[in-house]
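A.B. asks: Here the structure of chain A is known, so what remains is to put chains B, C and D with the ligands in place on it, guided by the hints.
Chains as they are written, first to last, in the working numbering: chain A, 1 to 619; chain B, 620 to 973; chain C, 974 to 1081; chain D, 1082 to 1288.
Only true hints are included.
With a straight-line cut-off of 30 Å between C-alpha atoms, the simulated DSBU-like cross-links for lysine-lysine are:
(1) D:1178 <-> C:1052
(2) A:536 <-> A:341
(3) A:341 <-> B:694
(4) A:416 <-> A:25
(5) D:1099 <-> C:1050
(6) D:1099 <-> C:990
(7) D:1249 <-> C:994
If you want the footprint, here are the derived chain D segments under chain C, 3+ residues with CB under 8 Å:
(8) 1111-1119
(9) 1123-1137
(10) 1167-1178
(11) 1261-1271
(12) 1279-1286
Derived CB-CB ranges, DEER-like:
(13) D:1153 <-> C:998: 26 to 36 Å
(14) A:452 <-> B:926: 18 to 28 Å
(15) B:709 <-> C:1059: 24 to 34 Å
(16) B:821 <-> A:419: 52 to 62 Å
(17) A:592 <-> B:687: 53 to 63 Å
(18) B:687 <-> A:476: 20 to 30 Å
(19) C:1019 <-> A:597: 43 to 53 Å
Simulated from the structure, these hints should not be mistaken for lab results. By construction, the Cβ of each residue, glycine as well, lies at the ideal position given by its N, Cα and C atoms.
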Amino acid sequence: MSNAIAQQRGLGAMIWDYITTVDHKKIAHLYLVSGGFFFLIGGLEAMIIRIQLMKPDNEFISAGLYNEMITMHGTTMIFLAAMPLIFALMNAVVPLQIGARDVAFPFLNSLGFWLFLFGGLLLNVSWFTGGAPDAGWTNYAPLSTTSAGHGVDYYVMGLQISGAGTLIGGINFLVTIINMRAPGMTYMRMPLFTWTTFITSVLILFAFPALTVGLFLMMFDRMFGSAFFDVTAGGNEIIWEHLFWIFGHPEVYILILPLFGAFSDIISTFSKKRLFGYSAMVFATVLIGFLGFMVWAHHMFTVGLGPIANSIFAVSTMAIAVPTGIKIFNWLFTMWGGSIKMSAAMLWSIAFIPSFTIGGMTGVMLASAAADYQYHDTYFVVGHFHYVIVGGVVFGIFAALHYWWPKMFGKVLNEKLGHLAFWPFFIGFHLTFFIQHFLGLMGMPRRYWTYFEGQSLATGNMISTVGAFLMAIGTLIFLYNIVYTAIKEPQASADPWDGRTLEWSIPSTPPFYNFKQTPLVRGLDPLWIEKMEGRKGVTPAEPLGDIHMPNASVLPFLMSLGLFIAGFGFIYQVDHNAWFIAVAVGMGLTLGSMLTRSLKDDLGYHIHKEDLVEKGDGK
Amino acid sequence: MKGWIGKLRPVFIFSVLTLFLAGCGEENLSALKPKGYGAELLLDLMVISIAIMLFVFVIVMAIYTFVLIRYRRKKGDEDYIPKQTEGNKSLEIIWTVIPILLLLILAVPTVQATFDLADEAPRSEEGSITIEVTGNQYWWHFNYPDQEVSTSQDLYIPTGERVYLDMTSSDVIHSFWVPSIAGKMDTNPGGNENTMYLEAYEEGVYWGHCAELCGESHSLMDFRVIAVSSEDYDQWISDMQNIDAEATPETQSAQDGKAAFENSCMGCHAIGNSPAGVGPNLSNFGNRTKIAGILDYNKENLVDWIMNPDEFKPGNKMQGYNVSEEEAQQIADYLMQLDHSEVTPESVSSSSEE
Amino acid sequence: MTDHTDSTSKHKIDIHKKEHKEEMIHQVISFTLMILFTFIAFGMVILEISSYFVKPVLILLAVVQVVFQLYYFMHMKNKGHTMPAMMMFSGIAVAILTIITFTTIIWW
Amino acid sequence: MSHDDVLNPKQMPHDPEKATLEGKNKFIGFWMFLGGETVLFASLFGTYLALVRSTSGENTPEHLFGLELVFIMTMLLLTSSLTSVYAMYHMKNHDFKKMQLWLGITVLLGLGFLGCEIYEFYHYIHEYGFTFRSSAFGSAFYTLVGFHGGHVVFGLSWIVALMIRNQKRGLNLYNAPKFYIASLYWHFIDVVWVFIFTVVYLMGKVG
Ligand code: HEA
Ligand code: HEA
Ligand code: CUA
Ligand SMILES: [Cu+2]
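So that you can see chain A by itself, here it is in the shape it has in the complex (with noise of 0.2 Å):
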């Protein structure tokens, strides 16, 4: 039976102990610097996009190449690193937020890290295989089914299996929320993150699906002939615009929840003031996500659906501003009155409240149905788009990494560099994406490999392109900042923030077990209210007692690495039979560990409680 206690054994040993992980905690760890990685490499092709931007007829990289840039960015961001990084704050958060001292599915929730990594790696590895995909990250057939080579094949099954890994850990995140509750914790006692979480978790459980079943499409026209998409034998392309929209649309609110989530947490613990509004915070993240099912045709204003459907899908659209304005509303007034304190996570929540509004109100903008012929598919769609999520989920990962990072690893990151890292990244932004609302008005298409000299947009694309370096200084900064907390900064406590949610009442960084006794919760903010008893720490609801935890287990790691074999069996069998050996070869592995986890009891096993009190704190 497995320890889950990390030993300092050696590289190796912790390599493994990461590798079989199925605590919450180190998920979160792995989720981190995964999401890390890929944030950086789709910097890194924002970069590359603004270069080739800065200046009229730039020949930097070919039109074939910054076709694939593009594709490889939007796609890299938002499945690879925006989503990631937010299933990293709430693995490690949300357990610790309702007093739970697990998730539901601990095994689950590893085999859903380990499908989203193994998808991201086989999409990056298309890089060098002969070509990325290169049909936009919106993937719309039927360039993307007649795009040549393998690139938009890999697209089709990096997503197919990093998608089946988010929806597991939606699954998973929804059951933790209803069952593994504190006592006590009442659904409207539940911390906002935690709300926004649950709420995310619905939108992934019903958006999802749509992507899969479109990308199923998408395979089966590419690899084995059928005929959805093309018009030649009566298919119809609007079908994968729809498909796809219909799971796109959730996802930007998938993104954008849980960082208002964190935002509202940050804000009021650094205001010191409860959440103004609490109940009206949690039906507007409802009706968001409600609201959010209903209006992915705004994508779609220019495919001629006719003024009727253009009409309704507008109007529904411009609905989402009344919840999203209740949000923005109460966090003023829940500053209103209060002690704001201006930590690094308090500026970036405090600079997200004007970039998202911005952000929202282009997009009411573009919601205007007829207006949106002139917006549609110019830089003004992207400026609105990387306002809201540079603005609101980008600051708001930084926030939350700021806020979080002692409970994630057990320091304060250092605050110097904290605001050191947000100028130049908050004064980048702006310069980088306000300018483009203007040069997509001004005639610039989005996707443009370049444009031309006399044409009015140079002076606005170099300005853009100036911005970005200053985002990407920022990011440097900000890593350099992890480094040096790791080194020189010192242990921190248990509750550096004056907290005011139950993750503040147990050390940080927490033992495995979490809570050594489930804590009581006796109304919103439990902790605060404990702390203005006079009380240290949270009641216990229990007596200290026996612990059950579950064993690790490497199984998940081999399922994803057997659908990564078989994704390039897939790939390739349209080439050579003779691949069809690895989709035998990573399908039997995948079934096999599914057979073996099926057929071999998995009963976890007990922490004795004299061992509980032993070990003290539990450090």
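C.D. replies: This is chains B, C and D with the ligands only, laid out in the frame that chain A set:
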């Protein structure tokens, strides 16, 4: 929607936009300088929406600035514990209802404009012009079915009149966009035909772009809309109808070029009316201002293009023929004298500059 | 759960057995109805009744059958199923939206 | 509750499938999964409905489909749904033998269904030359019905694996949730079939 919005527009553009940029882009490329009905309608709509957004933004920023200045933690206040307010019903109602009202103000003109731009009713009237637009990787084909005239790359339309477009694609999805005259519309392959209309106010040459990613040379799939007076338009149509594809060119070089062209190029290119083709229709190639939509129009460039099209438009479909440099020179001579009409982009831009 | 004394749990088991029996009866009834609906559905098609009428009825019959499956066979009517029910309904809502789209605003 | 209790319950509780936390998690988690599957199949149905008229040549739904076989398949699958209900009934009464028996019957009925389906596909391909690649309708038909068939295969393998694995040791609190969710899966397969025979076959026949 004209009226007050119309008056607001110049003021607005002047005050806000010029703040950020010296100009608003190229005269005939920018959506901010409308020269046609659609673009104007849409700019009005944008102005309404920007006004609403600015209003909201000012309010948000006012609260924001006040809060940040007033409630920032000060030295000595570290232990101060603020009042833990739960919320406020009337505030909640205010910031729910006011946005709803603002959005309604935006929704009404949005729906109106959406239906307006889809209005096909006048089309059935006598004499209305229909043009079939086909997007191809990476060029545009325009066919005037009623007049039996075809052209590529340059779309001629009369001013002050609605011209209806029936739009499809021969390969992947493209999107037809002339920012200063109208919005954009996708061209779909297969049976999903789209329609839109153009109405240009002034004579002029307007830039058009392909706005949907369609492959390597997506960014090079430019075209032009040439708006001319209705007399000139009629003139142009009749000039085009009377092209004699067999006419013998004047110079010897051009005559040789014609022979070489017929030998190597006719499989894809047509001179005279051809509702569709593998390559652009070259009937009035002598009147172009650009080669393949992007290159400056001169003989040198044309020869280069013929010898090596892939260098200028990566991935384009002009391939599989074999001509020598000399033949290319002759073909260029031939093609450049195919100027059958007095109505040309030059004639328009010179007249509109006066 | 294991700490009931023997006599009460014996009693409980009997009660439960009875409950299970009753539930089983419901399930058999719903099964019979489902079979009946299937007969009607196939019958209508074989008899070639006008399609304007048949199509909605077929859909209706399918929906009723599925309700039986969910509520009786899969116990969604029992307590402890609020979350499952909520998720199924959300899923069904998205499903309906999707299908409406695919039958209306995609051409031909 | 220690794990010895889980594997050797001295006394089975009322709802053995939900008696442990793991069981409860599986139960809720599986329902969530079914919610997702609903959207998955809806996307497939939507695609099918959008492409059902994109036929080529003779091979239209009216022409291809025969109702007799579909009727038999429907009866097999509906009955198997009932038999798996019986199995769960016996599980709740802690009667492992009978549970296994009814699960066995379920599997047999499922295999019968699968046999018919394979025959049907074979028939279309060889009699009519109607394949996955013939037309957009062909692609959509085989994909929708094939996805369902794939679910049947997976469901059957799952149930058989569970039956064999637990043959010797009987019902306990560790495997009860597994049996229960496998049966939920089986019902869901039936739910999907109800729509397939209605939307694909019956409405296809009506035209
Ligand atoms: C995190 C991601 C994210 C978020 C949160 C949003 C939020 C919104 N988006 Fe955005 N969007 C994207 C990511 C995102 N979007 C991406 C990636 C694309 C491009 C995809 C591609 O094509 O590649 C896109 C594209 C896109 C389009 C298609 C454009 C086109 O291609 O032509 C549209 C059109 O309606 C749109 C609208 C909106 C709206 C109305 C919101 C709303 O949710 C915004 C709501 C917020 C506010 C409005 C601000 C706060 C509110 C108040 C202060 C209250 C008062 C306000 C008013 C009364 C206005 N988005
Ligand atoms: C989460 C989503 C996300 C994020 C964070 C970003 C971040 C950025 N994006 Fe991107 N973007 C998209 C999602 C995102 N983008 C999508 C979906 C598209 C559409 C794609 C399509 O059309 O299909 C797009 C398209 C897009 C375009 C339009 C391309 C075109 O249409 O032709 C541009 C152009 O400026 C751009 C720029 C940037 C920039 C400058 C950043 C910056 O914020 C990046 C900042 C980060 C860095 C600068 C990293 C710094 C680090 C280093 C440089 C060190 C590297 C070191 C090592 C690797 C060791 N993006
Ligand atoms: Cu054609 Cu882009
Ligand atoms: Cu959207």
